[in-house]
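Make a model of the complete structure from these sequences and hints.
Note that our numbering numbers the sequence shown so that position 253 is 253, with each residue one more than the last.
To be clear, the hints were calculated from the coordinates, so they are not data collected in a lab. Source: prediction; values computed, not measured. All the given hints hold, so there is nothing to weed out.
Mimicking DMTMM-like on lysine to aspartate or glutamate, the simulated pairs with C-alpha atoms at most 25 Å apart in a straight line are:
| id | residue 1 | residue 2 |
| --- | --- | --- |
| 1 | K73 | E115 |
| 2 | K209 | D430 |
| 3 | K209 | E306 |
| 4 | K209 | D454 |
| 5 | K209 | E540 |
| 6 | K73 | E167 |
| 7 | K209 | D480 |
| 8 | K73 | D123 |
| 9 | K73 | D118 |
| 10 | K209 | E537 |
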Amino acid sequence: MSDTVTETVYENPVVKGTAPDPSLIRVGDDFYLATSTFNFLPGVTIRHSTDLVNWRIIGGAITRPAQYRRDGKPGGLMLFAPTLRYAEGTFYLVCTNVADEQGNFVVSTTDPAGEWSDAVWIDTVAFDPSLLYDNGTWYYTRRTLAPRADGRLGPVVQAELNITTGELGELRELTQNYGGFVTNDIEGPHLYRIGYWYYLFSAEGGSWKGHMQSCARSRSPWGPFEPAPNNPVLTHRNRVGHPIQTLGHAELVDAPDGSWWAVCLGTRHLAHGGFVSHHNLGRETFLLPVDWVDGWPVIGSAGTTELVVRPGRALPGASVASSAVTAREIPLDIIRAAHGFWRAGWNTVGIAPDGLDAQGFSERSGVDANVVNSTAATGPEVTPAGAGAPVAAVSAQTVDSVSLPFGTDLASNGGTIALGAVFLAQREDDAVFEATLDSIPDAPAAAGIAAYGDENHYFSLLVSTLADGSHQARFTRTLDDLTSEAVIDLGAASGSVLFRIEATAAAYAFSIRLGDAAAPGALTEVGRGTARLLSAETAETFVGVRFALVAINGTATGIEPARFSGVTATSYSFTSFADVGAPTGSTRGR
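Have a look at this one:
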């Protein structure tokens, strides 16, 4: 069986895995995307594309304390909701470090793949700031926290901004009565000038299943703003059984051919007992076509989207037309046998001490490398397969070796994550993560792998050496204050250990095999954990699950770093663009 596709087709989300709060701009024929990174460095991931579908990580804007701490010293970090803008040859990024109310700041650069400036601080602490440059004036727009007993969000406020000094003019309300245009909760506002109109584009309804996008317009940047007749212009709040939820926090952009597009965050949910209720992959970046009707944006299909999108127009740039959506014949049985297309790659996050050259580490490794504080003496060293070649947009990615210094335990340490680990964002529910540990570490250290939600929600499989010289493998499920373990005796085994996580919509299965990783032999399953127990709904977090290499409890004894090889993450997508109907074979509810 085979079909031929000649129309433009792409798959949502266009950035899989944790990639929330997307901010999008175009400079000439190039598109740039910034997304939130929360407590990881380099902070605020920057991606580049020429077609809006195929994105490549080019760096991170925030790399040092002078960019995210007012005193320029190491300290708390939690970066929320960046906005990326470009004016007169310079890229600007406004963001918020919400850790201990550090507040809003602006960094800038002429090369978004290079180093960004130190922070210019704005004298305010609320978050979700945005910028508009119009006729020589910078406008600063943000939401507020209302001083109300009900705790609802406040109005959108705006002021003129001195982009060089951070000085703000008078903040004026753009929306009234602490409300939005659909609900009382309004956030993530962006102001655009399009033609003779100023458009206020805002998220409402909270960032969970009530999330939506509203639009209003005015002839003046100061209002008054009239709401769009089709508000909310984007939402899945009424599509309870749909696998895509929480659409909102959107940005608009025009392409060189005059077409318009929107990106937004969204989540892909799993069906449990007939209800679409949990998601493990974090908030991801979705792309939708935009039409203009009577001066108002119509996003996607009446404000909705699907996992497979047929936008009814060509995508910007020539690369997609010649590759990702080229007319082709694909035998469906081969697609199923191959377990789907190889899909877009992985992120790597290394935990390391203050002073690590995170941006340099990223450039050396060829993968996206982020760092947070640790007790490790030195940072991880990564050798990518292909000797430094950039990570391509394919699903199976392999790193030849990771030399990982031992950190402290996986558990929380005074609210600060403190561990030795390298993380790879989970991109699909159906995925395999493998790594070979060259040798079992000496006591009291342990090393292995984990499926990691946060410091209080993870499954791990670690090997260690006991006092009598024998070895063991310990599988741990940690869920808030509940911990369960399964231990198997490895005896006096020596040599390497192959670890594997097989992730499905139902569970994470952890297995090992002793000895030469290249030698044949069955793996032994040591334990498994229910997938929904690491979901955002269960863990009460908004960061997706990550696969992790782990090296812990070896700092006091000066044990040599754990060395992993053959680190491979493979994600599977069941969508065949050869099927003109609904995708088949997926584990997701549709």
